[in-house]
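Novice: Sequence:
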Amino acid sequence: LPSLTHLLVGYSEGSSPTLWASLTHLECVQTQLPLMDSSLKLLPAVEVMRLSRAKITLAAHLQECWRLQTLDLSFNRITSVAKLPQVMGCVTHLSLAANDLTSTQGLDHLFAIQELDLRDNLITDMGELVRLVRLPCLESLWVEGNPLVAAQRTFTSTLLSHFPDPAAVRLDGVVPSWRIVFAALTLAKARRRTQKIGIGRENSLKNVLSDSFVGLH
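When we follow my numbering, the leftmost residue of the sequence shown carries the number 1, and every step to the right adds one.
Hints in this document: simulated from the structure, not taken from any laboratory.
Hints should not be assumed to be uniformly reliable.
Below, simulated DSBU-like cross-link-like pairs (lysine-lysine); rule was C-alpha separation at most 30 Å, straight line [as the list claims (entries may be wrong)]: (1) Lys83 to Lys55; (2) Lys55 to Lys41; (3) Lys41 to Lys83.
For clarity, every value in this text was computed on a predicted model and none was experimentally measured.
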């Protein structure tokens, strides 16, 4: 398949311009598709879109897919999702597994996301996953296969410790055990204590500097 235009526009030539208007499912899997082009505007009713196992490097042109809820872009060549919130609205299930992502920047603004699949990417920094805790609807997060998962023995409890309710999030399809939840809550408590101490020390330093500054006058 050389392009989506070839499929959506080419196929509809000589037919009604509303040929695709009622389509709710689009699956183009295991193609050589290089990009997501403007022909996607012909799919205002699509709810499920699967464009996996292609050569896509950027998620784009989804602004007029108003009803899109499930988007599968796994096994592509996407390196950045920073601009994804600008082109995608109320998607609830998003798969970006097996791409080339090192950062989750942008994903933290997809506030309707319930399930997010980031397996087998190139994420090495815990902070890239921690920023996802601000997603209010997130129920399931898949991250196995990223370098930082194998690098940290306490990865699961450490990541879950950043969530408001560690028991409410399925990580890699697994509901956390009470042991993991307890460990996560313990880590979160210790982190808050450390931050509180740090703030106290910072305020003390500010007072000392302020007094010193006053003394100079």
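Novice: Checking each numbered hint in turn, tell me which of them this model violates, lowest number first.
Specialist: none
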